[in-house]
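Full structure from sequences and hints, please.
Chain by chain, the residues:
There are 6 protein chains.
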Amino acid sequence: MKVKVSRKAHFNAAHRLFRSDWSFEKNEDIFGKCNNPNFHGHNYELVVSVTGEIDQETGFVVDMKVLKDLIRDEVEEVLDHKNLNIEVPEFEKLNPTAENIAVVIWNKLRPHIDASKELEVVLFETPRNFVTYSG
Amino acid sequence: MKVKVSRKAHFNAAHRLFRSDWSFEKNEDIFGKCNNPNFHGHNYELVVSVTGEIDQETGFVVDMKVLKDLIRDEVEEVLDHKNLNIEVPEFEKLNPTAENIAVVIWNKLRPHIDASKELEVVLFETPRNFVTYSG
Amino acid sequence: MKVKVSRKAHFNAAHRLFRSDWSFEKNEDIFGKCNNPNFHGHNYELVVSVTGEIDQETGFVVDMKVLKDLIRDEVEEVLDHKNLNIEVPEFEKLNPTAENIAVVIWNKLRPHIDASKELEVVLFETPRNFVTYSG
Amino acid sequence: MKVKVSRKAHFNAAHRLFRSDWSFEKNEDIFGKCNNPNFHGHNYELVVSVTGEIDQETGFVVDMKVLKDLIRDEVEEVLDHKNLNIEVPEFEKLNPTAENIAVVIWNKLRPHIDASKELEVVLFETPRNFVTYSG
Amino acid sequence: MKVKVSRKAHFNAAHRLFRSDWSFEKNEDIFGKCNNPNFHGHNYELVVSVTGEIDQETGFVVDMKVLKDLIRDEVEEVLDHKNLNIEVPEFEKLNPTAENIAVVIWNKLRPHIDASKELEVVLFETPRNFVTYSG
Amino acid sequence: MKVKVSRKAHFNAAHRLFRSDWSFEKNEDIFGKCNNPNFHGHNYELVVSVTGEIDQETGFVVDMKVLKDLIRDEVEEVLDHKNLNIEVPEFEKLNPTAENIAVVIWNKLRPHIDASKELEVVLFETPRNFVTYSG
Chain A
1 MKVKVSRKAH FNAAHRLFRS DWSFEKNEDI FGKCNNPNFH GHNYELVVSV
51 TGEIDQETGF VVDMKVLKDL IRDEVEEVLD HKNLNIEVPE FEKLNPTAEN
101 IAVVIWNKLR PHIDASKELE VVLFETPRNF VTYSG
Chain B
1 MKVKVSRKAH FNAAHRLFRS DWSFEKNEDI FGKCNNPNFH GHNYELVVSV
51 TGEIDQETGF VVDMKVLKDL IRDEVEEVLD HKNLNIEVPE FEKLNPTAEN
101 IAVVIWNKLR PHIDASKELE VVLFETPRNF VTYSG
Chain C
1 MKVKVSRKAH FNAAHRLFRS DWSFEKNEDI FGKCNNPNFH GHNYELVVSV
51 TGEIDQETGF VVDMKVLKDL IRDEVEEVLD HKNLNIEVPE FEKLNPTAEN
101 IAVVIWNKLR PHIDASKELE VVLFETPRNF VTYSG
Chain D
1 MKVKVSRKAH FNAAHRLFRS DWSFEKNEDI FGKCNNPNFH GHNYELVVSV
51 TGEIDQETGF VVDMKVLKDL IRDEVEEVLD HKNLNIEVPE FEKLNPTAEN
101 IAVVIWNKLR PHIDASKELE VVLFETPRNF VTYSG
Chain E
1 MKVKVSRKAH FNAAHRLFRS DWSFEKNEDI FGKCNNPNFH GHNYELVVSV
51 TGEIDQETGF VVDMKVLKDL IRDEVEEVLD HKNLNIEVPE FEKLNPTAEN
101 IAVVIWNKLR PHIDASKELE VVLFETPRNF VTYSG
Chain F
1 MKVKVSRKAH FNAAHRLFRS DWSFEKNEDI FGKCNNPNFH GHNYELVVSV
51 TGEIDQETGF VVDMKVLKDL IRDEVEEVLD HKNLNIEVPE FEKLNPTAEN
101 IAVVIWNKLR PHIDASKELE VVLFETPRNF VTYSG
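Chains as they are written, first to last, in the numbering used here: chain A, 1 to 135; chain B, 1 to 135; chain C, 1 to 135; chain D, 1 to 135; chain E, 1 to 135; chain F, 1 to 135.
Be aware that one or more of the hints could be misleading.
A pair counts as met if it fits within one copy or between any two copies, since identical chains are not told apart.
Dumping the calculated DSBU-like pairs for lysine-lysine here, alpha-carbon to alpha-carbon at most 30 Å [to be verified]:
1) Lys33 - Lys108
2) Lys26 - Lys68
3) Lys68 - Lys33
4) Lys2 - Lys93
Hints were generated in silico from the structure; no laboratory data involved.
Written out as structure tokens, the structure reads:
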């Protein structure tokens with residue numbers, strides 16, 4: 001009996017979308033207001049889902065408290081109240097689009113999830129824009 | 001790295017569920033209050049999702065602004081503040097159930113999405129009733 | 001100890017904003033898309049609040065079940081799945097704007113609420129537009 | 001044209017997570033505050049989804065009213081305002097974790113859904129914790 | 001410049017509505033399913049608001065972190081994952097209706113809020129039922 | 001018949017909480033993570049409410065489209081995708097706390113609202129933190 005267990009979390013951060021190897025004009029053309037050199041920011045809402053067999057002893061696929069603490073340690077501590085471009089090494093050369101942030105979060109969590117289980121990350125950049133990555 | 005990018009949109013409209021080749025009684029029996037000949041209406045909430053590879057240059061699967069404008073032009077302009085039965089040609093002979101509206105929206109958007117990408121439409125008829133169509 | 005007790009409810013309906021004593025052009029100018037002669041519609045979300053002293057015997061200001069049934073009988077039965085302009089007598093000559101619908105609902109409920117208690121109606125026409133009326 | 005039709009429902013209940021064959025200390029260690037012998041409780045939000053072909057005659061995959069009544073009869077009547085451990089036979093020896101409750105609900109609904117259609121249950125234990133089961 | 005600062009919090013608990021000085025039949029008549037002797041439960045969502053002048057030095061009416069910690073210490077630690085009737089002394093003889101719980105929470109918080117500031121508590125018992133108390 | 005008409009809007013921005021006349025240590029002590037010199041950011045959700053008499057001719061207190069455009073011109077255009085500390089003159093010497101941002105928005109809108117009507121601004125900094133200002 002495979003069940004998908006999901007936990008919501010939250011962080012907020014500043015970012016800027018741009019490529020340093022492009023002119024300001026090209027960045028403006030492609031990224032518009034998101035290219036503001038002074039940065040803008042978001043409340044990122046995160047849903048992390050782990051899919052696997054129910055442990056017959058506990059009735060858990062994964063202990064929600066363990067999952068909550070994992071997200072806090074690996075994601076919230078690293079991204080919350082940060083400037084993604086300046087303070088998060090993964091984005092030194094990687095554009096912090098919602099797509100790329102979701103992949104970075106997935107890569108941070110994957111080593112801590114049992115290999116027999118699947119991992120999915122849903123990241124809301126705003127209440128109207130969100131992305132999903134499953135590896 | 002395949003990512004699913006989702007954008008929420010909104011339109012409201014009047015509709016009536018019925019078949020013109022059925023008696024009023026049969027329509028009443030099957031569609032109940034939704035068969036009101038004077039119409040009723042909904043705030044339809046729409047989530048359009050496009051799944052594909054991240055463009056390594058921009059970090060986008062699809063530019064959210066482009067997706068937002070596409071939904072505005074192809075869906076909102078056509079359905080918002082309309083009477084679906086009377087003013088939307090696709091429903092001249094097709095019952096505007098949530099299921100059929102989702103299929104019509106998917107068909108309107110599909111030609112504008114790159115063939116290498118998948119398209120999914122989620123349509124909320126009310127906060128408690130919704131449907132999902134992926135082609 | 002005065003407490004405000006609130007209950008959410010829901011109905012959906014079709015309507016049109018216009019004045020029969022104005023030209024189509026003037027209606028179009030003032031009411032825009034809401035003047036569609038074929039009607040459009042909404043999911044109306046309603047919050048009804050009653051404020052009064054806590055009954056020391058029951059611990060209730062008002063029994064939520066009683067309030068729920070009252071809203072069902074006086075509001076939902078009358079407005080749900082209806083065309084407000086055609087089927088609801090109050091709007092025969094009254095424009096069914098959110099403001100006016102809220103006042104009509106308040107007037108329907110007020111006689112059934114104890115005179116010692118205050119009544120407030122919040123009506124969401126869409127998730128982004130709502131009105132509040134307290135008599 | 002396969003469409004997934006989803007309906008939200010609600011029940012609230014008391015429960016306790018523990019195994020009677022474990023010591024209190026081991027239960028405390030694994031289930032923490034959820035092991036409170038006096039019980040705690042939740043508002044469970046439920047999303048039931050049925051996936052199948054659109055009936056070309058009605059435009060429905062499944063009649064939402066029928067689905068709503070089925071959920072009321074098979075799930076809400078049985079679980080709402082109940083103590084899951086004491087009053088629901090399925091949990092006499094089964095730990096009422098969100099995972100197990102979702103499986104129990106799925107098993108209650110499956111016999112009433114046409115065999116040609118797929119069934120999915122999403123159960124929110126809190127707004128931040130939820131599980132998904134598809135059989 | 002008076003501003004109202006609001007912070008959302010959460011706890012879940014089991015409870016039963018009844019009076020020990022009433023017969024089971026009378027309790028059943030007044031409190032219905034909420035009189036279940038085995039208890040039921042809720043996810044209580046709480047909004048605590050403090051109204052006062054903006055401190056010209058910090059720009060805060062109240063530090064949200066301080067307010068968050070106060071709610072955690074005075075409310076969440078005391079009510080979360082508890083059986084309100086059995087484990088919370090205030091409800092030994094007081095029926096734990098939403099109205100009474102809101103008053104108890106307000107009384108717990110009031111001594112910790114500066115006398116020059118107003119305090120309001122909104123308590124959601126379910127997403128559709130909530131109460132407001134301002135002292 | 002006085003009715004309060006409310007319209008939701010949205011902007012996102014970067015900011016930093018600090019006073020330039022305080023040491024970094026004092027700023028860190030008072031503003032914690034919000035003092036990050038590289039900025040962080042939020043999706044700000046805004047609810048603007050105007051209270052007044054219903055115009056008997058139109059049935060409006062205020063035309064929602066006019067209110068929507070006013071918020072876009074006076075608030076969204078000025079604050080959306082901006083760094084509040086660097087790019088918004090009002091915050092050159094004023095700490096951009098939620099309280100102060102709400103007051104600034106209220107001051108921007110007040111001259112455009114008829115003097116006979118009341119104005120209220122609710123600003124969500126996160127889904128769990130929000131402030132209300134009414135002048």
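- Compare the structure with the hints numbered earlier in the document and write down the numbers of the violated ones, lowest to highest. none
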